[in-house]
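Visitor: When we follow our numbering, the leftmost residue of the sequence shown carries the number 320, and every step to the right adds one.
In short, the hints are calculated from the structure, not lab data. Careful, some of the hints might be misleading.
If you anchor each label on the Cβ, the simulated ranges turn out as follows [stated by the list, open to error]:
hint, residue 1, residue 2, range
1, Pro360, Pro327, 26 to 32 angstroms
2, Thr347, Glu421, 22 to 28 angstroms
3, Pro345, Glu442, 29 to 35 angstroms
4, Asn410, Ala366, 39 to 45 angstroms
Ideal placement from N, C-alpha and C gives every residue a C-beta, glycine not left out.
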Amino acid sequence: MTHEHRTPPIPQAQAFVVCQNIWVVPRTNDYVLIGPISHIPIPQFPAQVTVAVYAHVTGGHGNYPMEFVLRAASGEVVWSWNPIDPLTQPNPLVPAQLAFYEVLLEMPGPGRYDLALNVSGQEMCRQPLLIGPSEYFA
């Protein structure tokens with residue numbers, strides 16, 4: 320009899336939001352997202368930008384290494400970061416809320432980018448970001 324190694328299912332993201340800040344209400348443990356971001360009007364490059372990232376995920380079962388990846392419109396990875404702690408979901412029916420408070424993105428130039436959150440090497444979610452002055456996208 321052979322034992323087949325099964326990999327845990329990749330969690331599904333119900334929400335993935337890049338924002339200016341995240342607050343947690345102490346009384347209720349509710350997350351409050353401050354200033355959701357889809358455009359960052361940086362005038363000069365290369366540049367660094369600090370953002371907060373929120374994800375609400377469900378359906379996973381186990382521990383998953385995480386990686387944030389910033390891709391240019393060409394698909395080229397221009398920045399990545401691996402949080403130290405894995406995503407842990409002991410019960411696939413109980414959603415997990417993830418908050419990353421100070422994610423320092425490195426932007427090589429203006430353009431359209433995708434910020435993705437990968438778990439166990441697979442993309443779980445992504446959000447497009449427009450980086451640069453507004454007139455660049457007119």
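Visitor: Hint by hint, note whether the structure agrees.
Guide: Here is how each hint holds up against the structure:
1. The supplied range of 26 to 32 angstroms is broken by proline 360 and proline 327, whose beta-carbon atoms lie about 40 angstroms from each other.
2. Judged by the Cβ atoms, the range 22 to 28 angstroms given for threonine 347 and glutamate 421 holds: they are separated by roughly 23 angstroms.
3. Range check, proline 345 to glutamate 442: about 33 angstroms between beta-carbon atoms, so the 29 to 35 angstroms window is met.
4. Range check, asparagine 410 to alanine 366: Cβ separation about 41 angstroms, and the 39 to 45 angstroms hint holds.
Checked against the numbered hints given earlier, this structure breaks only hint 1.
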